[in-house]
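> Here are the chains, one letter per residue:
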Amino acid sequence: MDMKVAKKKLGLKERYSHMTRGLGWDTSYQSMDDVYPYAKYEGIKIHDWDKWEDPFRLTMDAYWKYQAEKEKKLYAIIDAYNQNNGHLSVTDARYLNTVKLFLTGVSPLEYMAHRGFAHAGRSFPGAGPRIACLMQSLDELRHAQTQVHAISNYNKHYNGFHEFRHMHDRVWYLSVPKSFFDDAVTAGPFEFMVAIGFSFEYVLTNLLFVPFVSGAAYNGDMGTMTFGFSAQSDEARHMTLGLEVIKFILEQDPDNLPIVQRWIDKWTWRGYRVLALVAMMQDYMLPKRTMSWKEAWEVYFEENGGALFKDLARYGIKMPECAKTIALEKDHLSHQTWGTFYNYGAAAAFHTWVPDEDEMNWLSAKYPSSFDKYYRPRLEYWREQAAQGNRFYNKTLPMLCTTCQIPMLFTEPGDPTKTCYRETTFKGEKYHFCSDHCKKIFDDEPEKYVQSWLPVHQIYQGNCFPEGTDPTAEGFDPLAAVLQYYHLEFGRDNLDFEGSEDQKNFDAWRGMATRNT
Amino acid sequence: MAVAAVKEYDFAPLDRHENFHGNQLLFIGWEDHLMFCAPFAFPFPPDMPFRAVIEQVLPGAFGYHPDFAQIEWAKAEWFKSGHPWQPDFDKSLADNGLGHKDVIRFRTPGLTGIKGSCS
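If you're matching them up, the sequences are chains V and P in order. Note that this note's numbering numbers the first sequence so that position 284 is 284, with each residue one more than the last. Note that this note's numbering numbers the second sequence so that position 30 is 30, with each residue one more than the last.
The set of hints was computed from the structure by calculation and includes no laboratory data. Certain hints may be false.
Cross-link-like lysine to aspartate or glutamate pairs, in silico, EDC-like; alpha carbons within 20 Å at most [to be verified]:
1) K115(P) with E235(V)
2) K418(V) with D32(P)
3) K427(V) with D10(P)
4) K13(V) with D50(V)
Turn these sequences into a full structure, and let the hints guide you.
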């Protein structure tokens, strides 16, 4: 006689179902709308949350086990790198400035992503996306932690690493990545998912992580490289989530299309503006180059992104309009951005420099239509002046774009000799922009961007001096006070790489490691 | 279009005039001289004479450029919000019609930056 025996173990699919969907329920004492107050106000219509497909079917217990293994390996490698004075094996101390930029500009965003995904997950009435957001939220928290740990070793030896969190909330150029993410987390949960989950994690992430991680690999920074590889399996999951979000929303209701299209347009542009920092890192800051910004844009956006948008065409999604402007900027972006940091090298928490002759030749070869004509004369003039002891430090504060908060350094699409000025008036106040796209973003939601915390304007309002400063005192030096407020140590964290403490120390320590005297 | 919000969403602009302790912001750009990466932002009292901007402020901001010493101000072309405009050097900023967050730029014919590169 056959007896039916209950299976001892659940199958993967059942187990997944119990551990995720099985943990969700509809409330009865309180209305669902009261429990999920942010689920509807953005205008996105969802009819059936169960249509959400989970591409990874990961459950929480498996997540812990898998991530713990990964991090054990990561920390073993980081420890070995640090114990062997791995910092002396990087190509050149100039390389470390890319790591400073990453730590101050990007790592705090990982933490904000953790908060953002936690909030989005809490806001969705469907159990599927809630679980996916929860896991991504934990990933982002881990990434923030592992980045800080991996990079902290450099803080023992070099300047500019010591106050990354304090600086992120205050320093002028860090307001660019900061305001980008603050914009996303103060949006509703659906916009956040399109902004960060799709536009950033799916469309643009390769342009952020590949240059940094391969830059680390090319320049002998095994600590950062290992972190990058460790995060890669998470990134693959994030990209899949980002794409699933878009498909799910669009399949739920045709009314969602125009809203989603507007968000994709907005966030592709917002993300691209932040990537100006990556562009200059690739073309100017890595002693050993990997690929140019222009090449990276062509591969990761024009080719890969082009295929993606073709795929999304069946939902009615179009390639964002801004792609045309970006194509016109690709020969200029990195040169104009690096020039800006060279201008304001006294107020940056990393070092700047004029590229050497070999590097200029590399730039000429990568940018044959623009570099020699527009940018080489400027750089050569600066080099000449620096050699005569007259290094250019721009001490007058720049006009900023209200939306992206970047100095108005961008030129008219198609004319690299003219600054691009756009303006609008809202409730009697004037607002200025670097581009049609930043203006459009403002015009769509002016009530939000009138609150922009623009560093230059905040300095002029007297809000960026250390507590107790008296700006009316005799001999008051406003720029020195601003650097104190930033916790930026003048003469150590800032100024030209040539003659810096980082340069001297690296040379001396590497000399001790490779020579006998 | 307006921002989507769960309740009334109305906040005062962070850069309103009254926050600048009596000053107003004026943005000034020099055409064809992109060695200065962006136009400049200045906080000025509205009763400041325009001439004081030219004679006391601009040399500190733009003076590093070898073209600056060659500027003939009488020949400079001015633009306000991109449209041709003529300032009266002896009148104040306010009397020249300049308000908070106005943007002006000037072109110096014949001067086109380092080796003519508009730098």
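> A separate judgement is required for each hint: does it hold in the structure or not?
So, going through the hints one by one against the coordinates:
For a cut-off of 20 Å, the pair hint linking K115(P) to E235(V) is broken: about 47 Å separates their Cα positions. Pair hint K418(V) plus D32(P) holds up; C-alpha atoms about 7 Å apart against a cutoff of 20 Å. Restraint check for K427(V) and D10(P): satisfied, since their Cα atoms lie roughly 12 Å apart, inside the 20 Å limit. Between K13(V) and D50(V) the alpha-carbon distance is near 15 Å, which keeps this suggested pair within the 20 Å criterion.
Taken one by one, the earlier hints fail for this structure only at number 1.
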